[in-house]
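J.: Sequence:
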Amino acid sequence: MKPSDFIHPEDAAALRQMENIPGFATLVKKILAIGIENLQYGVNMASSIRLSEKQLPQLYRHLPPICQKLGIKEPEFYLQMNPMPNAWTSGDTRIYITMTSGLVEMMSDEELDAIIAHECGHILCRHVLYHTVAGWLTEGLTGVLGDLTLPIRYAILYWSRKSELSADRAASIITSPEVVASTMARLSGGPKSITSQIDMQEWARQADEYEKIQNDGLWNKALQLSVIAGLDHPFSAVRVREILKWGESEQYRQIKNGGSLFNPSAHVCPNCGSAVEDDWKFCRNCGQKL
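For reference, each letter of the sequence shown is one residue, going -16 to 273 in this note's numbering.
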């Protein structure tokens, strides 16, 4: 499957704008040179439980079929003891997914599939490197790197918010828009015993009401921008509205009815298994000559 089959147009536009910012490539190289990737990988390896066929296989077995359907190389998969429900994908040379025990306890099996597919969607769309950079910037690297980050920080966070909409689409391809919306309900409102009866369309309309407030004059727009500019994820109501809307589109119906999702002729890198475009000379994930 190719990212172009489902990527959200705002994600694609924000990525182009971000990569064209003077100094962006320099910043990414500088962050990678610091060695934080190896630091975080080592800490995650030592403090979390790596899932496999031998280690908590009932959880691990969610991952392989999702990777196979999306056409990506299987990342390392970890469980972290943390009551806060969360999942994330990190790394560049070694990509890994980590989910918390709080997430596993709160979600149904189908909802876990949606969340894991969301993270795999980030891998398929090649979001992971820039997401990792965005995470480092929000965790305090701005002060370490100096003024170089100032013109880039908000641009990469803006793109990060838009990239989540593409990953939600990947999750809905593996499961459904309704299941993706239900995961948002769990994360926003609590366990299924409380949130199972949420009217998703009514919740999505809250995003419309929010936009009215946001666009009610320059002052209100500035106030709302001051709140969201430092966030790396969009608000949940916005995500629910976007995924339910896409679920009604012809693009989604074509993908679910066959499309390129299970196309055996889809191009993948012979070395790492990542999806590649027809005009690439080298794999942008591992550098393999194509």
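Since the hints were derived computationally from the structure, they do not count as laboratory data.
Possibly wrong hints are sitting among the right ones.
[Unchecked claim] Label pairs and their in silico Cβ distance ranges:
{"no.": "1", "residue 1": "Met67", "residue 2": "Ala8", "range": "28 to 36 Å"}
{"no.": "2", "residue 1": "Asn69", "residue 2": "Pro40", "range": "30 to 38 Å"}
{"no.": "3", "residue 1": "Lys37", "residue 2": "Ser84", "range": "37 to 45 Å"}
{"no.": "4", "residue 1": "Asn203", "residue 2": "Leu273", "range": "45 to 53 Å"}
{"no.": "5", "residue 1": "Asn240", "residue 2": "Trp263", "range": "21 to 29 Å"}
{"no.": "6", "residue 1": "Asn203", "residue 2": "Glu233", "range": "15 to 23 Å"}
{"no.": "7", "residue 1": "Gln51", "residue 2": "Glu194", "range": "12 to 20 Å"}
{"no.": "8", "residue 1": "Ser(-13)", "residue 2": "Val26", "range": "17 to 25 Å"}
[What the hints assert, rightly or not] Straight-line C-alpha distance at most 30 Å; calculated DSSO-like pairs for lysine-lysine:
{"no.": "9", "residue 1": "Lys52", "residue 2": "Lys(-15)"}
{"no.": "10", "residue 1": "Lys195", "residue 2": "Lys272"}
{"no.": "11", "residue 1": "Lys12", "residue 2": "Lys175"}
{"no.": "12", "residue 1": "Lys56", "residue 2": "Lys204"}
{"no.": "13", "residue 1": "Lys272", "residue 2": "Lys228"}
{"no.": "14", "residue 1": "Lys195", "residue 2": "Lys56"}
{"no.": "15", "residue 1": "Lys239", "residue 2": "Lys195"}
{"no.": "16", "residue 1": "Lys13", "residue 2": "Lys37"}
{"no.": "17", "residue 1": "Lys175", "residue 2": "Lys204"}
{"no.": "18", "residue 1": "Lys12", "residue 2": "Lys37"}
{"no.": "19", "residue 1": "Lys13", "residue 2": "Lys145"}
{"no.": "20", "residue 1": "Lys52", "residue 2": "Lys228"}
{"no.": "21", "residue 1": "Lys204", "residue 2": "Lys52"}
{"no.": "22", "residue 1": "Lys228", "residue 2": "Lys12"}
{"no.": "23", "residue 1": "Lys195", "residue 2": "Lys52"}
{"no.": "24", "residue 1": "Lys228", "residue 2": "Lys145"}
{"no.": "25", "residue 1": "Lys52", "residue 2": "Lys13"}
{"no.": "26", "residue 1": "Lys204", "residue 2": "Lys13"}
{"no.": "27", "residue 1": "Lys204", "residue 2": "Lys228"}
{"no.": "28", "residue 1": "Lys145", "residue 2": "Lys(-15)"}
{"no.": "29", "residue 1": "Lys(-15)", "residue 2": "Lys204"}
Using N, Cα and C, we set each Cβ at its ideal position, and we do this for glycine too.
J.: Take the hints in turn and mark each one as holding or not.
T.: Structure-based check of each hint:
1. Met67 with Ala8: 28 to 36 Å: holds (34 Å)
2. Asn69 with Pro40: 30 to 38 Å: violated (22 Å)
3. Lys37 with Ser84: 37 to 45 Å: violated (19 Å)
4. Asn203 with Leu273: 45 to 53 Å: holds (49 Å)
5. Asn240 with Trp263: 21 to 29 Å: 28 Å Cβ-Cβ, so the 21 to 29 Å window holds.
6. Asn203 with Glu233: 15 to 23 Å: Violated - the Cβ-Cβ distance for Asn203 and Glu233, about 35 Å, lies outside 15 to 23 Å.
7. Gln51 with Glu194: 12 to 20 Å: Taking Cβ atoms as reference, Gln51 and Glu194 lie about 38 Å apart, which means the hint is violated.
8. Ser(-13) with Val26: 17 to 25 Å: violated (35 Å)
9. Lys52 with Lys(-15): At roughly 12 Å apart (the allowed maximum being 30 Å), Lys(-15) and Lys52 satisfy the hint.
10. Lys195 with Lys272: Not OK: Lys195 and Lys272 at ~50 Å, beyond 30 Å, violated.
11. Lys12 with Lys175: violated (43 Å)
12. Lys56 with Lys204: Violated. Lys56 to Lys204 sits at ~42 Å, over the 30 Å cutoff.
13. Lys272 with Lys228: violated (39 Å)
14. Lys195 with Lys56: violated (42 Å)
15. Lys239 with Lys195: violated (33 Å)
16. Lys13 with Lys37: violated (38 Å)
17. Lys175 with Lys204: violated (34 Å)
18. Lys12 with Lys37: Distance of about 37 Å is beyond 30 Å: violated.
19. Lys13 with Lys145: holds (24 Å)
20. Lys52 with Lys228: Given pair Lys52, Lys228 holds - Cα atoms ~23 Å apart, limit 30 Å.
21. Lys204 with Lys52: violated (41 Å)
22. Lys228 with Lys12: violated (38 Å)
23. Lys195 with Lys52: At roughly 39 Å apart (the allowed maximum being 30 Å), Lys52 and Lys195 break the hint.
24. Lys228 with Lys145: Roughly 15 Å separates the two Cα atoms, so the pair holds.
25. Lys52 with Lys13: Between Lys52 and Lys13 the Cα gap is close to 35 Å, so the pair fails against 30 Å, i.e. violated.
26. Lys204 with Lys13: This hinted pair is violated, its Cα atoms lying about 34 Å apart.
27. Lys204 with Lys228: holds (24 Å)
28. Lys145 with Lys(-15): holds (18 Å)
29. Lys(-15) with Lys204: violated (36 Å)
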